[in-house]
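One-letter residues, chain by chain:
Protein chains: 2
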Amino acid sequence: MKSLKDLKPLILFLREIQQINSAVSLLSWDQETYMPKGGGEARAEQLAALEGMAHQKKIGPHMKRLLSRWIDIKTGVPEDEVWDDPSRALLREVFRDYNKAVRLPTEFVKREAKITSIAQQVWAEAKEKSDFPSFAPYLKSIVALKKEEASLLADQSSPYDALIDYYEPGMTVTRLVPLFAALKKELLALLEKVQRAPIAPRDDFLHRCWPARRQLAFGRRVLETMGYSFLCGRQDLSAHPFTTSFHPTDVRITTRMNEYNFLSSFFSSLHEGGHALYDQGLNAEYFGTPLGETLSLGIHESQSRLWENGIGRSMPFWNYFYPILKEAFPRTLQDIGLEAFYGAINRVSPSLIRVEADELTYNLHVMVRFEIERALMEEDLPVEEIPRLWNEKMEAYLGVVPDSDADGALQDIHWAGGAFGYFPTYTLGNLYAAQFLSQARKDIPSLETDIGQGRLTILTHWLNEKIHRFGRRYSSDDLVRRVTGEPLNPSYFVDGLREKLGEIYGF
Amino acid sequence: MKSLKDLKPLILFLREIQQINSAVSLLSWDQETYMPKGGGEARAEQLAALEGMAHQKKIGPHMKRLLSRWIDIKTGVPEDEVWDDPSRALLREVFRDYNKAVRLPTEFVKREAKITSIAQQVWAEAKEKSDFPSFAPYLKSIVALKKEEASLLADQSSPYDALIDYYEPGMTVTRLVPLFAALKKELLALLEKVQRAPIAPRDDFLHRCWPARRQLAFGRRVLETMGYSFLCGRQDLSAHPFTTSFHPTDVRITTRMNEYNFLSSFFSSLHEGGHALYDQGLNAEYFGTPLGETLSLGIHESQSRLWENGIGRSMPFWNYFYPILKEAFPRTLQDIGLEAFYGAINRVSPSLIRVEADELTYNLHVMVRFEIERALMEEDLPVEEIPRLWNEKMEAYLGVVPDSDADGALQDIHWAGGAFGYFPTYTLGNLYAAQFLSQARKDIPSLETDIGQGRLTILTHWLNEKIHRFGRRYSSDDLVRRVTGEPLNPSYFVDGLREKLGEIYGF
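Sequences listed follow chains U and G, in order. Heads up: the first sequence at position 181 corresponds to 183 in the working numbering, and the numbers run straight through without jumps. Heads up: the second sequence at position 208 corresponds to 210 in the working numbering, and the numbers run straight through without jumps.
For reference, chain U alone in the conformation it holds in the complex:
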């Protein structure tokens, strides 16, 4: 039986490529946190150059030679030696990456890196000034670029599928459309129930003054209790919260800060903390190889949403943390009891900004983006039409319309970064999260009590054991089946939400 040690030359070469990728990640982190503005243009050139170098190595003759030693370079099928499971998975995933990368010329990759780096800077300014037209030409270039990319990737039935496959391997428009259509129907029905409910929790106090330092300190305490290691990570401020990893020993998160909105910073900290636990939970021994990489964006998002909503919006969590929160903000919460607070953070209220949306309407925000990017990719929707279409869909699904594009079509960085096909993974993450958490409750009968007493790392270890440590060894579909005994099933999400909201809203 052959094992990973037979693949050592390949693993060392993959690690070399990873070192460039980790430098790219640091350059990007720095760009979002500390880089002086004047350095933007040179940074764009630098990102393009380094991404080009990594790409060249990924598709170069050395990689081809290495892979050809063990697999048929046309099909990816291993020579008929007996490989153990991890090695077989490693070869399968390396070939998957190679086969995708080899179709993109280095020139294309460099061009894409440069355009998206500049576009992200233009987007930041356009958003500040709520000036969609100044961003439109850049977005137009990016849409053209992504179509070019999809056609280079070739063998996919639809250009949008080719892009989705980057983020959620195996997922297709054909699977997503009915899944999302059914979900949208259920969510719209649930939203109507909520809006017709006889009672509704107040949440005005969430907009009292929550001093920044104490918000950060409280967030830090929660992150530490979850098991996020500040020895192997840090938290900074940025325009849009994100998690980035250079190695399992250096996984950084960012948050935004609003002193008059407790939800904004706290739940983004929990969210990014969940992502970060996944990155910190990868097996460092496999660093640089697919076995040391996260599986898909949907699975990544399941980790963040599990903590943000599954845990962070649950009663047991606040049974433990509410007294601590009250101690940190005695004046702000002077007249507010636990029940009222719990109602407020679970309040459903259609609003404009995805990252601040409640658990229910969040997925409707995703539908808006999914449908628009599908139209951009598959129906040649002109970029200029986006704000109009955005506002129409917001009206139809959420009943609210942004006054300005800053709160509408310009709110997310994703398209500026070329990330088309990314948005659907947010909703997939919500669905996976609910299904995983339901299984964790079955596997750990004491879980609610543990969480109620602050022993959150019991859940972290379960996630490490069941999900994190495997990296890309299994497909998302296989992983979900291995962990929960059944395929992806959206009813865990919908039923859980209906139950929680039914209690709060009295239906």
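In short, the hints are calculated from the structure, not lab data. Hints may be right or wrong, so weigh each one.
Any copy, or any two copies together, can satisfy a pair, since identical chains are not distinguished.
[Stated by the list, open to error] Straight-line C-alpha distance at most 30 angstroms; calculated BS3-like pairs for lysine-lysine:
1. Lys10 / Lys116
2. Lys186 / Lys112
3. Lys112 / Lys7
4. Lys112 / Lys66
5. Lys195 / Lys7
6. Lys7 / Lys59
7. Lys116 / Lys7
8. Lys59 / Lys112
9. Lys39 / Lys10
10. Lys468 / Lys39
11. Lys395 / Lys142
Keep in mind that this is a model prediction, so the values were computed, not measured.
Fit chain G to the supplied structure of chain U, relying on the hints for placement.
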């Protein structure tokens, strides 16, 4: 006549290498400022990998092929075409770098990067605990490594020369020994005069409370007045102040902060600001090529010392800034007039820490290090002997002896980073600085008035024009001659200092 545009393929390739080097610089900056501690080991691996990659490109077959198109690859002599001056200089300097780099195997470069990265982290802890023995084995490895390096570089007459040549091309032990001996004699005599003087300025008030934020704000104001662009730079805190450049549009400085020592943070800001003006003043068009790089550490240091001492410890500078300083620290300076302040910041007082030394004794600190590293390199001085020898020399030259190695042989990061041959450039910088500034006064007759009225950028533009924009086009010796009309002449430094101290101390 052939020009730079004929060298375009070479220039593009050099720029590609520079992109890796700039990533290495960011990784190092991050390591000193924001990196979580747990990420240290992976960072060391990463630096080693990237430096190895850059080195491989520098010495690889593609570089050889490129160079061979225009020069004899054995001697560096251009094929007998007619090249204009910049192209000739570019080819000369690229060959110089190539010829050095090609002698160091990639394996060696990776090993060195990794050992020095770990050693710098060990040094930081050893310094904190004043524990030289815990650092000694790492330093021993580094000394062995540097000797190995010197022998690989081969054709130098002494191992120490081979290392000095990295930092100050053309400088040798043979030139340095008499230069430094004469200087030491003059400085010891001057120190004796100062110590026997009938009067001495008080400086107790420099150790009153100087709140950190206001120190940073005042430092920032001075940096802006000098012409340092915060649009293309930023200032952070680190254990040891430094300047790093990723591109002329992104040049960062760091400082340290001590609320009970005004000199420490302010003059290190001025110092790093001087370095940064040089980096920001390079011609971005030549980015990545020797024509867009700084010339030598001695010349670099001349820029920092010119601002720190030549300007920052001069009366015209404080004529302008003292009222502003008093406004920022009204209580601290309540009872202190300009004359007293000027005396205090120019007070000569032998002390333990190089970076906090006065203008005179600073060079004696350099002599201690120069003599020790020369003995390490040329006389096999055992590493364990360093603290004893250090303390003996401090006693002999400065008359003070550290209580702990944290304030003695562990105070500087240089050796941990493998930078042997670096220290002498500090004193060379002082000498160049005095000579350049004397010339600036001749070229700009109104300079003292301008500075006294806050028009510091007149000097910055002179430096841009005379020094910065040339990059490595001329040798240090040629540059000094071009700018000042004569070779390096230490009497500008000694005479200037004697005059200033004579006034203050009344001799």
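Quick rundown of the hints versus the structure:
no.: 1; hint: Lys10 / Lys116; in the structure: between (33 angstroms within a copy, 21 angstroms between copies)
no.: 2; hint: Lys186 / Lys112; in the structure: neither (38 angstroms within a copy, 55 angstroms between copies)
no.: 3; hint: Lys112 / Lys7; in the structure: between (34 angstroms within a copy, 23 angstroms between copies)
no.: 4; hint: Lys112 / Lys66; in the structure: both (21 angstroms within a copy, 25 angstroms between copies)
no.: 5; hint: Lys195 / Lys7; in the structure: neither (58 angstroms within a copy, 71 angstroms between copies)
no.: 6; hint: Lys7 / Lys59; in the structure: both (22 angstroms within a copy, 29 angstroms between copies)
no.: 7; hint: Lys116 / Lys7; in the structure: between (38 angstroms within a copy, 24 angstroms between copies)
no.: 8; hint: Lys59 / Lys112; in the structure: both (13 angstroms within a copy, 19 angstroms between copies)
no.: 9; hint: Lys39 / Lys10; in the structure: between (42 angstroms within a copy, 29 angstroms between copies)
no.: 10; hint: Lys468 / Lys39; in the structure: between (43 angstroms within a copy, 28 angstroms between copies)
no.: 11; hint: Lys395 / Lys142; in the structure: within (21 angstroms within a copy, 68 angstroms between copies)
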